[in-house]
Amino acid sequence: MIVDTTLRDGEQTPGVNFSTKEKLAIAIQLDQAGVACIEAGTPAMGRAEKQAIKEIIELGLNSQIVPWNRALERDVDHSLEIGAQWVHISLPVSSNLMFKKMGYQPNQILAQLERVGRYVVAAGAKLSVGAEDATRAEAEFLLDYGLLAQEIGAKRLRLCDTVGIMDPFSLKARLGDLIKKLQVPVEIHAHNDLGMATANALAAFDAGAKWIDTTVLGLGERAGNTPLEEIVLALKITRGVDVGVKLAKLAKLAALVSQAAGRPIPEGKSILGPKVFCHESGIHVDGVLKDPTNYEPFSPELVGASRSFLIGKHSGSKAVLYKLAELGLTLSQAKLGPLVRLILERAGRHKGGLSDDHIRHLALAQPKSSL
1 MIVDTTLRDG
11 EQTPGVNFST
21 KEKLAIAIQL
31 DQAGVACIEA
41 GTPAMGRAEK
51 QAIKEIIELG
61 LNSQIVPWNR
71 ALERDVDHSL
81 EIGAQWVHIS
91 LPVSSNLMFK
101 KMGYQPNQIL
111 AQLERVGRYV
121 VAAGAKLSVG
131 AEDATRAEAE
141 FLLDYGLLAQ
151 EIGAKRLRLC
161 DTVGIMDPFS
171 LKARLGDLIK
181 KLQVPVEIHA
191 HNDLGMATAN
201 ALAAFDAGAK
211 WIDTTVLGLG
221 ERAGNTPLEE
231 IVLALKITRG
241 VDVGVKLAKL
251 AKLAALVSQA
261 AGRPIPEGKS
271 ILGPKVFCHE
281 SGIHVDGVLK
291 DPTNYEPFSP
301 ELVGASRSFL
311 IGKHSGSKAV
321 LYKLAELGLT
331 LSQAKLGPLV
341 RLILERAGRH
351 KGGLSDDHIR
361 HLALAQPKSS
371 L
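The numbering of the sequence shown is the UniProt record's numbering, which starts it at 1 and goes up by one.
Calculated directly from the structure, the hints in this document are not laboratory data. One should not assume that every hint holds.
[Unchecked claim] Pair ranges (Cβ atoms, derived): (1) G124 to G244: 42 to 50 Å; (2) G195 to L302: 21 to 29 Å; (3) R47 to M102: 34 to 42 Å; (4) G153 to G244: 19 to 27 Å; (5) L143 to Q12: 26 to 34 Å; (6) K210 to A111: 24 to 32 Å; (7) E55 to G153: 53 to 61 Å.
[Stated by the list, open to error] With a Cα cut of at most 25 Å, we get these calculated PhoX-like pairs of lysine-lysine: (8) K236 to K269; (9) K210 to K181; (10) K335 to K313; (11) K275 to K351; (12) K351 to K269; (13) K21 to K180; (14) K236 to K246; (15) K210 to K275; (16) K21 to K181; (17) K210 to K236; (18) K100 to K155; (19) K126 to K181; (20) K290 to K252; (21) K313 to K252.
In this text, a Cβ means the ideal position worked out from N, Cα and C, and glycines have one as well.
All chains should be modelled from the sequences, with the hints used to inform the complete structure.
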């Protein structure tokens with residue numbers, strides 16, 4: 001199942017600032033897409049953030065709405081005051097963060113988890129517990145932390161690869177050992193600093209994790225988080241697992257988040273990039289025209305996208321004929337070769353593909369007897 005944190009960790013991307021209206025729109029589309037859980041933000045950040053999360057909760061969406069909190073009673077109170085039925089609390093579990101960031105000893109971390117966790121449960125909210133920097137924690141202490149979270153009634157235990165240092169093989173081995181000793185469902189929160197967030201999330205799933213944290217388009221601090229669109233497709237294609245996300249709604253959702261974040265979607269972005277279903281190479285175009293599965297791992301329509309063909313330096317006659325047909329033009333076979341050569345020459349000169357208008361002009365400029 002998916003916990004999407006676009007509205008919390010995604011908005012922590014430097015320079016990204018969603019308005020309340022944008023947050024509501026993103027939450028609605030995440031819900032419509034079938035995302036099981038939405039991490040809606042941090043109420044303790046301030047009045048505007050708290051009000052935005054309150055308005056999201058009041059939408060009455062099917063998705064679980066979970067505010068993120070430091071493990072402090074006063075932070076939890078902010079979540080309870082806005083009607084949160086789920087409350088997430090987070091504490092560091094690595095020596096690095098316990099000592100250098102918090103100035104705490106391990107026993108103090110455990111005591112705070114127990115005190116604040118029981119406070120959440122006593123208030124009638126469902127408890128989610130986060131272990132910050134779990135992948136750099138001592139295995140014995142991480143187990144103690146997980147067992148305590150389980151004992152006080154946590155419904156989920158989030159293990160964070162906070163600085164994105166893990167590889168899939170090490171992560172699977174480490175999580176597998178831990179998960180065998182716990183009953184509480186484990187959630188993985190991966191960062192993409194080494195470009196392995198999606199692979200690590202998949203490895204965590206293989207190790208027994210029941211929940212995966214994502215952001216739309218991989219937004220997040222530094223190199224970002226596991227992209228929603230990547231992990232749901234990876235699970236479907238490589239594991240045959242459907243997490244309930246309506247794939248055809250992903251393109252519309254990504255467009256909304258891209259606009260709200262002020263971050264254009266890179267042309268080659270996996271799954272949803274504007275050019276990932278665009279073909280130029282003559283060999284590839286010929287293959288796709290015969291059967292799209294020759295050069296596409298899945299149909300663009302699956303994720304709400306569409307296929308296109310670019311006429312450029314690498315195009316062949318099949319692609320040009322296809323484009324001419326799209327433009328309502330026909331060309332005799334004898335004159336096709338000269339037109340293709342002219343197109344390739346122009347495309348090379350322009351260092352890019354040719355527009356439909358440019359192709360139409362070149363085709364119509366051919367001798368009339370050839371048309």
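Consistency of the hints with the structure:
Range check, G124 to G244: about 27 Å between beta-carbon atoms, so the 42 to 50 Å window is missed. The hint said 21 to 29 Å for the Cβ distance between G195 and L302, and at roughly 24 Å that hint holds. Taking 34 to 42 Å as the suggested C-beta distance range, the pair R47 and M102 does not conform, at roughly 26 Å. For the hinted restraint 19 to 27 Å between G153 and G244, the CB-CB distance of approximately 25 Å keeps it satisfied.
About 29 Å separates the C-beta atoms of L143 and Q12, a value consistent with the hinted range of 26 to 34 Å. Range check, K210 to A111: about 28 Å between beta-carbon atoms, so the 24 to 32 Å window is met. A hinted range of 53 to 61 Å is violated for the C-beta pair E55 and G153, which are about 28 Å apart. Of the pairs offered as hints, the one joining K236 and K269 holds, with about 18 Å between alpha carbons and a cut-off of 25 Å not exceeded.
Between K210 and K181, the direct Cα distance comes to roughly 15 Å. Compliance with the 25 Å bound is thereby established for this hinted pair. With a C-alpha separation of about 18 Å, the suggested pairing of K335 with K313 holds against the 25 Å cut-off. At roughly 16 Å between alpha-carbon atoms, K275 and K351 fall within 25 Å of each other, so this suggested pair holds. With a C-alpha separation of about 21 Å, the suggested pairing of K351 with K269 holds against the 25 Å cut-off.
Under the criterion of a C-alpha separation no larger than 25 Å, the hint pairing K21 with K180 is inconsistent with the structure, at around 43 Å. Note on K236 and K246: the hinted pairing holds, with a Cα-Cα distance of about 12 Å set against a maximum of 25 Å. Our distance criterion of 25 Å between C-alpha atoms is broken by K210 and K275, whose separation comes to about 33 Å. Simply put, K21 and K181 have alpha-carbon atoms about 43 Å apart, too far for the 25 Å limit, and the pair is violated.
With a C-alpha separation of about 15 Å, the suggested pairing of K210 with K236 holds against the 25 Å cut-off. With a C-alpha separation of about 29 Å, the suggested pairing of K100 with K155 is violated against the 25 Å cut-off. Restraint check for K126 and K181: the C-alpha separation of about 22 Å stays at or below 25 Å, so the hint holds. The straight-line distance between the Cα atoms of K290 and K252 is roughly 29 Å, outside the 25 Å bound, and the hint therefore fails.
As the CA atoms of K313 and K252 are separated by approximately 31 Å, the hinted pair breaks the 25 Å bound.
Checked against the numbered hints above, the structure breaks hints 1, 3, 7, 13, 15, 16, 18, 20, 21 and satisfies the rest.
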